[in-house]
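Modelling step: build the complete structure from the supplied sequences, incorporating the hints.
There are 2 protein chains.
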Amino acid sequence: MEELKTRLPKDAVSVNPTILEQHGRDESYHAPHNPDAVVFAKSRDDVVEVMRIAAKHRVPVIPFAIGSSVEGHVIPVQGGISLDVTAMNQILEIRPEDFLVRVQPGVTRTQLNRALKPYGLFFPVDPGADASLGGMAATNASGTTTVRYGTMRDQVRDLEVVLPGGEVIHTGSLAAKSSSGYHLTGLFVGSEGTLGVFTELWLRVYGLPERVMAIRAEFPDVSGCVKTATAVLGAGIPVARMELVDERIIEAVNAYKGTSYPKVPTLFLEFHGNPEGLERDVQTARELAEEEGCLGFAFDSDEESRQQLWEARHSAARAFMAQYPGRGMMTTDVCVPISKMAQAVTDARELLDREGVYGAVLGHIGDGNYHALIAVDTKDPEDVARAEAINEQLVEYALACGGTCTGEHGVGLGKRKYQEKEHGRALLVMKAIRSALDPLGIMNPGKLID
Amino acid sequence: MEELKTRLPKDAVSVNPTILEQHGRDESYHAPHNPDAVVFAKSRDDVVEVMRIAAKHRVPVIPFAIGSSVEGHVIPVQGGISLDVTAMNQILEIRPEDFLVRVQPGVTRTQLNRALKPYGLFFPVDPGADASLGGMAATNASGTTTVRYGTMRDQVRDLEVVLPGGEVIHTGSLAAKSSSGYHLTGLFVGSEGTLGVFTELWLRVYGLPERVMAIRAEFPDVSGCVKTATAVLGAGIPVARMELVDERIIEAVNAYKGTSYPKVPTLFLEFHGNPEGLERDVQTARELAEEEGCLGFAFDSDEESRQQLWEARHSAARAFMAQYPGRGMMTTDVCVPISKMAQAVTDARELLDREGVYGAVLGHIGDGNYHALIAVDTKDPEDVARAEAINEQLVEYALACGGTCTGEHGVGLGKRKYQEKEHGRALLVMKAIRSALDPLGIMNPGKLID
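Chains as they are written, first to last, in UniProt numbering: chain A, 1 to 450; chain B, 1 to 450.
Derived from the structure by calculation, the hints contain no laboratory data. Do not take every clue at face value.
A pair holds if it fits inside one copy or across any two, identical chains being indistinguishable in the list.
[Claimed, not checked] Each computed DMTMM-like pair below joins lysine to aspartate or glutamate, with the alpha-carbon atoms no more than 20 Å apart:
1. K421 to E167
2. K421 to D158
3. K263 to E292
4. K5 to E49
5. K257 to D302
6. K227 to D347
7. K431 to D158
8. K421 to E160
9. K431 to E160
10. K227 to E97
11. K379 to E21
12. K421 to D450
Right under this line is the structure:
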């Protein structure tokens, strides 16, 4: 602590109880635990300094930005230093011709999109929260556009990383593809702060499409939504967004955002392209939806109602939780092969009903990724246990059909117990890599792998 | 050797000089070196057996399939066992609804596409050679469709890998995306046989597009090709293929394949989509090409001339080398950011002319990846040195502008010398990973990293 204060600007180090508390929790049901100190880094050099001191004294370091994790990633379960990079929030370079940007880790996704708009560019990955790009890279976040544009891992070209010993590396290059050396960028993306601290990111960005059209396709049941989604994928339509929201989410969103969407299971769709091609795609999608019993195919084609639609979708989890003040959010995040999706989602909806919990289903159905949201009374061990049992049952099904326990939220604390079941002996390889890169075990201990 | 013969079927182990010689070389200018033995594996269990014996006696193992590497990947520079998996060539499962297939590593790309056709599916990655899918995964191969569909790494969902000690793991899952554990699939793809032996691959496949159109856009100079390519990308046209071939390649292909394409620098283009959208894309591309001085915009829209076009492109390197019997092929493989491409390709063309070597330029220009092919007299050290100096100069330029020394061929023997310059201290991380996973150093020693 003394050394931190000596080597860093005085106001960079804090042990203020409120500050510690803010850095001891995230947005999930996981129990908070305070760090011993918070360091506010302003530069890569600050991060290097912290890592050197931490390595010398074998103190845990937990990178922290927005704190919007839903799996406890940023909770300092063994104390140590919470390394806050929110002040590292500069967009350093925009290269329109290369479709690349260079940003610091504390830049948020909406901040980046505001800066890109004048160039006719956008960054597609959009988790519900206005998360930091560093955090999004650390968990391989994704969102509503992944079905077309891919996950965070697909956007990161290069990372500047401060390793546990204070060494600085670059993991990739600016080339669109490379067969040079091991794919470190892919390894560090999704490593959840266990291999190093990101201090700069080169990200791929995209030209705003010539024409955009948003659509709400309403169905009598969840199964109609899922079957339509599968058919749209099967027809090879390059849909840009394809989201499932059940009637409970619609109800919550209407109350939270003042919208008046019909209270039925709905697909939120978006199409990007040239006008002629897009019109044809929309027509095909409409025919497929009608074959599955679509009740209404509503166009939100003007910019305002389109924005409103996606704001509604992004606020879905918050809207749902707002109905249950004082409760904590538990969310499953399984991802299954497309052919298993209809069964998986229908079973999940029935399971929530049968167990009588406060639950809803929504998800990025084009990826086979869906969430069962449960409002949990975190003070009632029985309620927590019931929600955990549901979570476990959905994960078991996903793993049995070749899926994953987490499509986009990451492992953190909540999904550690499924790692051995999902990865088998590959977990030993992961452990070997972690030990090789962080032999002292100071990077975000207690997360991802036990 | 005795142990190999005891533990494996008798005909699986060979020390026949012709067999050894066939496994001691690849398609490049790199000097051959024979293995001590060749083992023909028929199953994962055979591979496990070989790895256990090799680990026990600390003998190098070099995975081998088609041998179409152009960077010496399969050459057993330290002797040992060449592990031939060509007999593991079964397509084990096709899941049309999930757009997934499960294959053994010896299956070739054309074999897979033949099997997929009845399902209306195709596998996009297409290096020039009819390479094995295991080898393509090992080098993160790509090809003409990468601009739209991505590299080999983008297609591999899961690998079954036999580790250096004989342990078997799966690196991924069948889910379209995952945030669970470290991204081992991405790490093993492109690891060039240095981390383990692939025994099964789950690959993503795609629906055949509704409409396909191939086009040859002819230009007075290479620069017009490159500028058009940049403009097409900038306009956000989802072009499926965009290939540069210079006049020397056209000449060689005409002689080799009996075609009669005009002898000028040409862009080979292909568009995929619904008829309305595709027509609009082609029209926009044509306008952009004409702005850059396009001399001719020839449609190869019927299936036969389209097939002919891509066969011509795939045979380009062989056609070029056929003009110089007895010479070996050296090819650069740099990949640069799009904004640097016009300068890079023009400089490369001028450099080849100035040095007076037998050289030609072609490449996957939509990715910023181009090849300077040089026919080298491998018996003349001066000629080899001159070609290497050209290679080095092009690599230096690519690295200086943030690119990579190899976009798709891999490091093997030929690009090792550039690894430190390209990766800096990240090379130490790669070495740490290699040591952690292969502590005995028996997996393809002498390749990728020194």
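Cross-check of the supplied hints:
1. K421 to E167: For K421 and E167, only the inter-copy Cα distance (17 Å) is at most 20 Å; the intra-copy one is 34 Å.
2. K421 to D158: For K421 and D158, the Cα distance is within 20 Å only across copies (16 Å; inside one copy 31 Å).
3. K263 to E292: Answer is within; shortest intra-copy Cα gap is 18 Å, inter-copy 54 Å.
4. K5 to E49: within (11 Å within a copy, 57 Å between copies)
5. K257 to D302: So K257 and D302 pass the 20 Å test inside one copy only (18 Å; across, 53 Å).
6. K227 to D347: within (14 Å within a copy, 53 Å between copies)
7. K431 to D158: between (24 Å within a copy, 19 Å between copies)
8. K421 to E160: For K421 and E160, the Cα distance is within 20 Å only across copies (16 Å; inside one copy 32 Å).
9. K431 to E160: between (23 Å within a copy, 18 Å between copies)
10. K227 to E97: between (40 Å within a copy, 12 Å between copies)
11. K379 to E21: Only inside one copy: K379 and E21 sit 19 Å apart there, 71 Å across copies, limit 20 Å.
12. K421 to D450: For K421 and D450, the Cα distance is within 20 Å only inside one copy (13 Å; across copies 36 Å).
In the structure shown, no violation is registered for any of the earlier numbered hints.
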